[in-house]
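Line by line, the protein sequences give chains A and B.
For reference, each letter of the first sequence is one residue, going 1 to 157 in this note's numbering.
For reference, each letter of the second sequence is one residue, going 158 to 326 in this note's numbering.
Incorrect hints may appear among the rest.
Here are the simulated DSSO-like pairs of lysine-lysine, each with C-alpha atoms no more than 30 Å apart in a straight line [stated by the list, open to error]: (1) K325(B) / K62(A); (2) K102(A) / K62(A); (3) K310(B) / K184(B); (4) K9(A) / K164(B); (5) K62(A) / K326(B); (6) K312(B) / K184(B); (7) K102(A) / K325(B); (8) K274(B) / K312(B); (9) K326(B) / K102(A); (10) K254(B) / K184(B); (11) K62(A) / K110(A); (12) K310(B) / K216(B); (13) K307(B) / K216(B); (14) K218(B) / K274(B); (15) K254(B) / K326(B); (16) K326(B) / K110(A); (17) K184(B) / K110(A); (18) K254(B) / K312(B); (19) K274(B) / K184(B).
Derived by calculation from the structure, the hints in this document are not laboratory data.
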Amino acid sequence: MIFPVFRTKWWRLAAVALGAYLFFGHVCLPLWIRGSSMEPTYRSRGLTFCWRPSCWFGAGLKRGDVVAVRLAGLRVMYLKRIVAFEGETVEFRDGRLWLDGKRLDEPYVKYPCSWNLEPRRVEPGNVYVVGDNRSVPMENHAFGQTNRRRVMGRVLW
Amino acid sequence: MNVSDGKRWIWLVGIAAVAVLAVLWLKPNDESRIRRAFAAIADMGAKSADENLVAMALKTKSVESFLATPCALSVPRAMLDGAYTPQQLVAACIQAKGLFRTCALSFHDLRIEFPEKDTARVVFTARLTGTLNSGESVNEAQEVEATLVKDGKAKWIFRSLTAVETLKK
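Please model the entire structure based on the sequences and the hints provided.
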């Protein structure tokens, strides 16, 4: 069964355009990757999608999830991996990530890293995100804790 | 009035409504002036491979007219914190652009509010992409909060720029 108004092709076309706008503008955001901070998992100039329902209705995020973190809006976002949640203590020792004094196994980090960062606790309401490519100097890599409300969703693949 | 007259009236009213909306939409207002200021700065901030030093410096100097005296800056990543004159900021821009072979500056997701008369608060994402003289690629994004005020010629100029800390190490 189809609503009478959608029997004409122009109305059907308008409905498809509206549906695509809502779906790709608010539910499943296309992400054109620029930059190398998530290499080798995500290469620059690749494409993925941010699935926003993964953050709706208090849906849970897991350690290791790759998420899109918004800046002022949705046009430009960071693509990062969640490594810690509120209350946990994060530290880098000779390029290895330590959580609450225990070393975290990170099979997705393929490049050599020599970062050292003093222990710091993730504040309430925040998550700690880092890119997979830690071969660049720590000062040149955008990572750290951010408010959970800035996390727009997990990536689809 | 017959059916064809009725249809004609509907068309006329529809066209008139679209015309009124188009005029209202295209009419310059403070928000569109601010957006144009950002677009102009993005253009002045770009550098092409064939641009010589003098042309680059002259183009960058045009940014001066968009800055209040003094302009407060708080951008820890660029080691800028304090009140600067437009001339000081332009000199810093020219010095920074000298490090690039090519660069492009763009502004996204502008959220413009007018907390009081002749004052605007704009939150936006600034993106800098390019290639350094060493061949290294640069791709930086930063959320920024800016305050703009209207000068004597009703032009919007930047009074302050503060980098928003999205990720805190």
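Here is what the structure says about each hint:
1. K325(B) / K62(A): Holds, at about 20 Å.
2. K102(A) / K62(A): 18 Å, holds
3. K310(B) / K184(B): 19 Å, holds
4. K9(A) / K164(B): Judged against 30 Å, a Cα distance of about 22 Å means the pair holds.
5. K62(A) / K326(B): 20 Å, holds
6. K312(B) / K184(B): 16 Å, holds
7. K102(A) / K325(B): 22 Å, holds
8. K274(B) / K312(B): Satisfied, since the Cα-Cα distance of roughly 14 Å is no more than 30 Å.
9. K326(B) / K102(A): 19 Å, holds
10. K254(B) / K184(B): 35 Å, violated
11. K62(A) / K110(A): 21 Å, holds
12. K310(B) / K216(B): 22 Å, holds
13. K307(B) / K216(B): 23 Å, holds
14. K218(B) / K274(B): 29 Å, holds
15. K254(B) / K326(B): Within the cut-off at roughly 27 Å; holds.
16. K326(B) / K110(A): Status holds; Cα separation ~22 Å.
17. K184(B) / K110(A): 54 Å, violated
18. K254(B) / K312(B): Within the cut-off at roughly 26 Å; holds.
19. K274(B) / K184(B): 19 Å, holds
When held up to the earlier numbered hints, the structure conflicts with 10 and 17 and fits the remainder.
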